[in-house]
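Assemble the complex: chain A is given as a structure, and chain B must be docked to it using the hints.
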Amino acid sequence: MDELGEFPFLTRTEFLRSIDHFEEQFGSIIEIRRDTCKQQQFLRIYKSLFLPDESDGDEEIDEIDEVEDPDPIEALAADVPGDTRTACGQVEYHVVYSASWRVPVLYMRVLLSDQSQVVLDIEQVTKLLVADQQMRGAIEAVEFGGALGIQDHPVLNEPFVYLHPCHTATLLRAVGVPIDASNYMSAWLSLTGSAVGLTLKL
Amino acid sequence: MAQRAAVNKVWNGMIPIELQLAPPDAIELLASAVLPDPFQTFFLLVPRISYLPFAVNRIKEQWLDPMLELSGVRTVDGKVLKESDIWFEYNGQPLKWHYPAGLLYDMLVGNGVARNGEPELPWSLTLHVRKFPVGKLIPAPSTQLMRDMFMAMIKEADFIRFGSTKRVMDLAKSDQMQLLDGLEAHSFEKYFAIHSIIAPIHYEAILAQQQQQTPPGKSRSQLPKAIPLRFYMLSSAQEDGGKEAAKLDISQFHVSQLPVPLVKEGSNEQLLTVTDAFKLCYEITDPSSNAFVSKCACLCQGISVPWDTPIAWLADNLFYADCFLHLVVIHTAM
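Going line by line, the protein sequences match chains A and B.
According to my numbering, the first sequence holds residues 1 to 202 in order.
According to my numbering, the second sequence holds residues 1 to 334 in order.
In isolation and in its complexed conformation, chain A is listed as follows (with noise of 0.2 Å):
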């Protein structure tokens, strides 16, 4: 067991455990950025974006340069056999440690392939990320603003399309089974990433 002092806030090394544990067990689709000049850790997870009525069958996904290798796209794009969706663009989720609230936040940055520039609309980040009608009214009804809000990534420093920690401690301690560094990031993954199309399959 490896142990959490004050589950479900965690200090910056338990976090860095976490995504340790996190990185082993879902190695080969996931990349971690380290940027060694701010002594920051932070993780970038890559999934395709697709529109339900995505008609134009000859679009490519751009590589972006720092995905090392190209065959997680691939896989993750492969998510649901038998899919014959085309993908229009690509999500960037980058999972970061916020000192404040203790626990990890979820960032995110929308590429289309038509378009050069991300998506900072939070209307249509909204659209895009977030499948289910319910599931969007309840965000957009969050106070002052909604759930999704934009911030300057901490370490990145440029806007990013986020998910507002302060419900996360809360979640957390509903869960049902025990948690530690070693399933702390899929407890955490699996109640932020799903509001915004993150679902990881092993």
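What the hints contain is simulated information worked out from the structure, not anything from laboratory work.
Values in this document were obtained by computation on a predicted structure and should not be read as measured data.
A few of these clues could be false.
What the hints assert, rightly or not - Sample of chain B residues lacking proximity to chain A, with all beta carbon distances greater than 12 Å (derived):
#1 63
#2 230
#3 293
Unchecked claim - The calculated DMTMM-like cross-link candidates involving lysine to aspartate or glutamate, where the alpha carbons are at most 25 Å apart (straight line), are:
#4 B/136 x A/158
#5 B/136 x B/25
#6 B/9 x B/181
#7 B/131 x A/114
Beta carbons: idealized from backbone N, C-alpha and C, even for Gly.
Chain B only, in chain A's frame:
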């Protein structure tokens, strides 16, 4: 009360700004880089603790709209001029509009003060009404979005202090609106009536606890666990180049956020100083390593703060409206 006097002074601190319209925008709008009299420049005062988006309405109504009307122009690129298209630039740098005006000034001009000793006043900025720098700035600034982002900071500050956002979320809707309206309209009375509900007076509370007394009207549990604080420091590569202050790139500031305790670890008595907070933030574990103290200055609200100032005192007197301490660290050694 002495404490309120200091806070009042900070609240009334202003940055005088001289605005000029970006020449390409002027040409696009008016077919001339030279603007008609008396619209060539626009002067305004922005409170240090406030935000640029709250000044945009004024800028539009008192400068842009009358200037366009005088010239018989109504649209930009075929559209009506919108709040969300407007952005500010200093020396080629788009200004992060969600940063308090005083913080932006300390970051971009404070360094200049350290180098040549002359603060740039008024602060000369360029206004743009086209080609919003997507990807560099958070898009679609507006007073509503600014209010939402501000509330996110207030909630975070509450959580850092007390481990929950209860104090903020328990505020009546009308109180939350009053806090925001007070900020937007720059009304001391409106803002502070609500601020005093959600934020404690740290220095007083901790001194009382040290003397084993309970401050009147407050229970011991009111003492916050940590203070919301951010350091902004140029990454060292920029400094080694010995570049002019004019070449400062706002994106090269390293922003370090760490909630810091009021007292030193293992002590009930020793108040945490700015030096201690800096070392915690940048993980300097050697207790005797204090070289940065002689090489750098710490600016807060435009004031060079002595390194041994207790954070608790700063938290009570030099906080920004978002309840955070924003500390800019600049190199003074040439």
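- prompt: Can you list which hints this structure breaks, lowest number first?
  reply: Hint 2 contradicted; others consistent.
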